[in-house]
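Visitor: Starting from the given sequences, assemble the full structure and let the hints guide the process.
If you read the sequences in order, they're chains A and B.
Okay, so the first sequence: first residue is 1 according to the working numbering, each after it adds one.
Okay, so the second sequence: first residue is 1 according to the working numbering, each after it adds one.
In short, the hints are calculated from the structure, not lab data.
Please note that a few of the clues may not be correct.
To be verified - Computed Cβ-Cβ distance ranges for the label pairs, DEER-style:
{"id": "1", "chain 1": "A", "residue 1": "Thr381", "chain 2": "B", "residue 2": "Ala287", "range": "52 to 58 Å"}
{"id": "2", "chain 1": "B", "residue 1": "Lys392", "chain 2": "A", "residue 2": "Ile253", "range": "19 to 25 Å"}
{"id": "3", "chain 1": "A", "residue 1": "Ala397", "chain 2": "B", "residue 2": "Glu377", "range": "38 to 44 Å"}
Unchecked claim - Computed list of chain B residues with no C-beta within reach of chain A, every gap over 12 Å:
{"id": "4", "residue": "Glu28"}
{"id": "5", "residue": "Leu32"}
{"id": "6", "residue": "Val110"}
{"id": "7", "residue": "His134"}
{"id": "8", "residue": "Asp169"}
{"id": "9", "residue": "Lys336"}
{"id": "10", "residue": "Arg353"}
{"id": "11", "residue": "Glu370"}
Don't be surprised by glycine CBs; every beta carbon is placed ideally from N, CA and C.
2 protein chains.
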Amino acid sequence: MEKKPIGLGVVGLGRAFTLMLPTFIQDERIRLVAAVDPQPGPRTQFEADFGGRVYDSVAALCGDPLVEAVYIASPHQYHAEHVALAASAGKAVLVEKPLAITLEDCTRIVEVAHEARVPIVVGHSHSFDGPVLHAARLIQSGTLGRPRMLHTMNYTDYLYRPRRPEELDTRQGGGVVFSQAAHQVDIVRLLLGGEATSVRAYTGCWDTTRPTEGAYMALVGFEGGAFASLTYSGFAHYDSDQLMGNISEMGEIKPLDAYGQSRARLASANADREAQLKAARNYGGSAYRPMSVSAGAYHQHFGPVIVSMDHADISLTPEGLWVCGDMQRELRPTPKCDVPRVEVVDELWASVREVRPPLHSAAWARANIEVCLAILESARTGKEVALTHQVKAGIVA
Amino acid sequence: MEKKPIGLGVVGLGRAFTLMLPTFIQDERIRLVAAVDPQPGPRTQFEADFGGRVYDSVAALCGDPLVEAVYIASPHQYHAEHVALAASAGKAVLVEKPLAITLEDCTRIVEVAHEARVPIVVGHSHSFDGPVLHAARLIQSGTLGRPRMLHTMNYTDYLYRPRRPEELDTRQGGGVVFSQAAHQVDIVRLLLGGEATSVRAYTGCWDTTRPTEGAYMALVGFEGGAFASLTYSGFAHYDSDQLMGNISEMGEIKPLDAYGQSRARLASANADREAQLKAARNYGGSAYRPMSVSAGAYHQHFGPVIVSMDHADISLTPEGLWVCGDMQRELRPTPKCDVPRVEVVDELWASVREVRPPLHSAAWARANIEVCLAILESARTGKEVALTHQVKAGIVA
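Guide: Following this line, the structure appears as structure tokens:
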């Protein structure tokens, strides 16, 4: 195995980068060499922290010979344009979910990557979480029979975290369907084999001050007859982390006195102040506090997931898998690495250094977005929506 | 209030009666005066326990002047015929869910009751549980805004409890849709106002030795835009009672070493022995042990239920309601009576002695069955099913 780290150029030093930074810092396979961002604060901090070069434009960053792969963490609506720039410059790409917010843009990315023959990995998403990959491996082994039914739910404060105005506008990629179903659908498809056939869904937009989807419920059918129920609410009321041993999405023990804080923080903020609040908490912002570099004591998660198979139900937890079999149940711990989200680098490394196709390819991510768009369409029309861009899940190593 | 107890004649001394018996024994408003059952064991025990008269036929029981109301707990497929006999004899009726297994039979019951001007209460079902009625009252008060979205799930060992062959045959009313969705749909409709508009669902029949629905998932839309996701599995793998503080459906603390017992018990039983096993555990059977007469320490329940409203999520527990509001959350305990399922007698008493219309009327129960039938139809056709027999929920006292 070639040991030279991958030189990573970062497009967008915002929230997604802030959350991935502990991974990039700790994993020796990554070196942060360049960045582009419209804000001076993050740019200055990046130069100071990494001695990396800072650019005015994505095109300029893509021209840097030290940049071997580009991590695209810009706002959703720019992904297609930025991937095209990186791919046509011959760079490998790690692009945040959602891949894009229209099927056309997704297809453009799939084609650009194919023509340029560059690898694209789409993530981070929570289907990279250790227990999800562990469950996928167990399901693919066939020892428990076939997967038949999957239930997943997640109740968070998503809608009341500080937001830029576009994040509250569905047409610009805002709302929980683009941001959060992108995780949930990714998990569900990986565990049920990938090829969804149709979607029926409802969405909830109940707070006129946050005029986008804050909740959804979807029922998704799969090739071979399996089906899944997906529930999400970001309305900051019930918190499903209590069903995960009070472990947060980030794998950390949750303070019990935090209830209501998201709404309280926003209560007096107008749209501008809210965007400032968000920027301040991100990398290089005035309220920025680096996340713990080492991984939490638990795996990251995206709420309870239960997969019903012929001979067992598999329940995912922040520690691993509860395998509830015909005659007994047992906890199978999922081994944990000190580097959080190491699985993202595993997949990027395999694609770039070992030329192995990623699980989270552009075509895979397009299929996720197709389901997300179908959720929006079904909710709007009241009808079942058939899917046509689905692909099989790869084999989990 | 007239104090004379209601003289109750029982049709069917099987499982449902066994589960209601602690209520009838403890509640002074009920007197067990007569019974009919094909098995000699339960008949003998009934005579010994209550000095009640035992009949050979439902018609004969309905002719007994001491019988003021008839409790119909016969197998599902006989409900319509038995209700018709009771109603035409001028008796009030308490009939177990499901009301019947075809819409035509349900309509026959609705009409018979209307013509005979006798009250019909349909239950027990878990929408009589204290926390469900408490939640319905809170929702109807309007103080938390409108109900928007409801999530409920229940994972049990239903399919592997001892069964008569007909209980494993959907055409005869077997399977979890008729037996268990009848509870879940009743709860969901009561909390969301009653008027469901359409259903999309999948069902699971994965064990060829138990050839009926063992699981389902349904997405149900409601007048006014609310929607609900219902999940049920009776495959005896994952157990959702762990999400309810390890309290069983009957409101009792669950032994932790019980895992796998249902399958183990059945492992060597053939169909005849299985039916015997079931009969043996029921009232008057060789393995019958009377249930505790007093109510458990907790409320009965049917798995987690979360109702999302404008200003709070309400999460139902065996103790009461967690109300997760905009700024704080609190547990509101649901007062508990020493008589289990006392709410069923409350409603029968109100109908018979106070001439107040029951919440769980025949028309209400027909609407539940319409949803159950729509679950089966949607699963079979892969299509959305529109509903036409829905009725508004009554006001919870």
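Visitor: The hint says 38 to 44 Å between alanine 397(A) and glutamate 377(B); measuring C-beta to C-beta, is that right?
Guide: holds, 43 Å
Visitor: Quick check on a hinted range of 19 to 25 Å for lysine 392(B) and isoleucine 253(A), using CB atoms only.
Guide: violated, 45 Å
Visitor: Was valine 110(B) rightly flagged as not at the interface, with every chain A Cβ beyond 12 Å?
Guide: Holds: least Cβ distance 29 Å, greater than 12 Å.
Visitor: Taking 12 Å as the cut and beta carbons as the points, is glutamate 370(B) off the interface with chain A?
Guide: holds, 19 Å
Visitor: Measuring Cβ to Cβ, find out whether lysine 336(B) lies farther than 12 Å from everything in chain A.
Guide: Nearest chain A Cβ is 23 Å from lysine 336(B), so the label holds.
Visitor: Is it correct that the beta-carbon of histidine 134(B) has no partner in chain A closer than or equal to 12 Å?
Guide: Its Cβ never comes within 12 Å of chain A, the nearest being 17 Å, so this holds.
Visitor: In terms of Cβ atoms, is chain A entirely out of 12 Å range of leucine 32(B)?
Guide: holds, 40 Å
Visitor: Indicate whether the distance between the beta carbons of threonine 381(A) and alanine 287(B) respects the range 52 to 58 Å.
Guide: holds, 55 Å
Visitor: When you look at the beta carbon of glutamate 28(B), is every beta carbon of chain A farther off than 12 Å?
Guide: Holds: least Cβ distance 39 Å, greater than 12 Å.
Visitor: Looking at arginine 353(B) again, its CB stays over 12 Å from all of chain A?
Guide: Fine: 40 Å to the nearest Cβ keeps arginine 353(B) off the interface.
Visitor: Is it correct that the beta-carbon of aspartate 169(B) has no partner in chain A closer than or equal to 12 Å?
Guide: Correct as stated: the minimum Cβ-Cβ distance to chain A is 21 Å, above 12 Å.
Of the numbered hints stated above, the single one contradicted by the structure is hint 2.
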